[in-house]
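Novice: Take a look at the letters that make up each chain.
There are 2 protein chains.
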Amino acid sequence: MKLDIDEIIDVLSRTPALLKELLNGLSSDWVNSNEGSETWSQYDVVGHLIHGERTDWMTRAKIILNYGERLAFEPFDRFAQFEASKGKTFEELLEEFAVLRKENINTLQELKLTEADLEKTGRHPELGKVTLGELLATWVVHDFDHIGQIARTMAKQYENEVGPWKAYLSILQSRKC
Amino acid sequence: MKLDIDEIIDVLSRTPALLKELLNGLSSDWVNSNEGSETWSQYDVVGHLIHGERTDWMTRAKIILNYGERLAFEPFDRFAQFEASKGKTFEELLEEFAVLRKENINTLQELKLTEADLEKTGRHPELGKVTLGELLATWVVHDFDHIGQIARTMAKQYENEVGPWKAYLSILQSRKC
Numbered sequence: 307m308k309l310d311i312d313e314i315i316d317v318l319s320r321t322p323a324l325l326k327e328l329l330n331g332l333s334s335d336w337v338n339s340n341e342g343s344e345t346w347s348q349y350d351v352v353g354h355l356i357h358g359e360r361t362d363w364m365t366r367a368k369i370i371l372n373y374g375e376r377l378a379f380e381p382f383d384r385f386a387q388f389e390a391s392k393g394k395t396f397e398e399l400l401e402e403f404a405v406l407r408k409e410n411i412n413t414l415q416e417l418k419l420t421e422a423d424l425e426k427t428g429r430h431p432e433l434g435k436v437t438l439g440e441l442l443a444t445w446v447v448h449d450f451d452h453i454g455q456i457a458r459t460m461a462k463q464y465e466n467e468v469g470p471w472k473a474y475l476s477i478l479q480s481r482k483c
Numbered sequence: 307m308k309l310d311i312d313e314i315i316d317v318l319s320r321t322p323a324l325l326k327e328l329l330n331g332l333s334s335d336w337v338n339s340n341e342g343s344e345t346w347s348q349y350d351v352v353g354h355l356i357h358g359e360r361t362d363w364m365t366r367a368k369i370i371l372n373y374g375e376r377l378a379f380e381p382f383d384r385f386a387q388f389e390a391s392k393g394k395t396f397e398e399l400l401e402e403f404a405v406l407r408k409e410n411i412n413t414l415q416e417l418k419l420t421e422a423d424l425e426k427t428g429r430h431p432e433l434g435k436v437t438l439g440e441l442l443a444t445w446v447v448h449d450f451d452h453i454g455q456i457a458r459t460m461a462k463q464y465e466n467e468v469g470p471w472k473a474y475l476s477i478l479q480s481r482k483c
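Chains as they are written, first to last, in the numbering used here: chain A, 307 to 483; chain B, 307 to 483.
What the hints contain is simulated information worked out from the structure, not anything from laboratory work. Be a bit skeptical, because a hint or two may be false.
Which copy? The list can't say, so a pair holds if one copy fits it or any two copies do.
[To be verified] Computed cross-link-like contacts, DSSO-like style, restricted to lysine-lysine with a CA-CA straight-line distance of at most 27 Å: (1) Lys308 x Lys326; (2) Lys418 x Lys435; (3) Lys472 x Lys426; (4) Lys435 x Lys472.
As the structure is a computational prediction, the values presented were derived from the model and not from experiment.
Based on the provided sequences and hints, a complete structural model is requested.
Specialist: What follows is the structure in structure tokens.
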């Protein structure tokens with residue numbers, strides 16, 4: 307599907323309210339459940355999304371627009387949330403994510419990006435040359451990836467409760483990230 | 307995780323608003339996108355969820371409570387939505403699902419099910435003996451299955467737009483239902 311900046315903004319804007327609808331006020335058993343050792347709980351995932359808002363998406367977009375390929379992105383820390391979320395309630399994390407996402411969407415809108423802007427290039431520390439359009443598409447897919455992860459993780463909490471229906475529920479056969 | 311009827315009701319009650327948050331007002335390109343031939347679009351999935359509200363979950367729960375194993379469930383038609391949704395807008399389907407789910411949740415609450423009720427048994431036409439608890443757990447997991455499917459289907463629309471980031475996005479490697 308061809309990239310459309312208004313559609314990207316529309317889809318990215320939906321995620322905070324969607325996560326609140328799915329997760330706000332759930333018992334801590336659900337919030338802290340995961341898929342086994344070295345997998346993430348809902349709490350961990352929202353912390354990870356917060357770190358992305360703070361250090362990844364718009365930070366990198368601005369590097370592409372201001373420096374092009376001359377300045378490589380900082381590597382993203384996939385484990386930062388284990389320190390950064392400490393002491394925060396899950397509802398605080400959901401709200402923090404909503405505030406940061408809104409700020410980033412506002413910044414993105416103010417940039418009034420053109421189709422030509424989406425072709426501008428930057429340098430990823432591992433992947434090499436990438437475009438601004440690829441970065442924004444990845445932001446969208448990354449949201450869906452973690453929405454899917456949360457759905458899968460929550461589904462698996464009832465893996466032993468569904469009895470013989472397990473055979474019909476493909477999400478229970480799907481693998482961890 | 308042990309089944310708790312209040313938690314089941316809580317989680318099932320969230321799905322209509324969550325789907326509206328994710329999908330309402332999206333362009334028809336997004337709504338009608340799928341994962342390739344013989345896979346379902348967002349439009350198809352919501353039609354399928356509607357058919358479940360009409361003929362599956364609470365219908366079967368009442369059969370278990372009223373007839374036990376003496377009356378087998380009717381087989382569920384996984385393709386009914388292709389006829390039933392004809393002529394309806396996607397927003398109409400989302401609203402129809404919300405209304406039906408609310409009615410079913412109200413009925414479920416009125417039953418005031420006990421832990422002993424969850425052990426009551428019925429007869430599935432293919433799977434044989436199942437319990438009411440297994441049916442309700444399956445209802446929950448089935449919601450998550452289709453939320454995950456929608457996230458995956460939407461993610462895949464940008465599969466070619468994410469460039470080299472594809473290697474990092476596990477949802478793009480996951481299979482169809």
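Novice: Each hint needs a verdict: does it hold in this structure or not?
Specialist: Tested hints:
1. Lys308 x Lys326: Cα proximity of Lys308 and Lys326: across copies only (24 Å, versus 29 Å in one copy).
2. Lys418 x Lys435: within (23 Å within a copy, 60 Å between copies)
3. Lys472 x Lys426: For Lys472 and Lys426, only the inter-copy Cα distance (19 Å) is at most 27 Å; the intra-copy one is 47 Å.
4. Lys435 x Lys472: between (44 Å within a copy, 14 Å between copies)
Of the hints listed earlier, there is not a single one the structure fails to meet.
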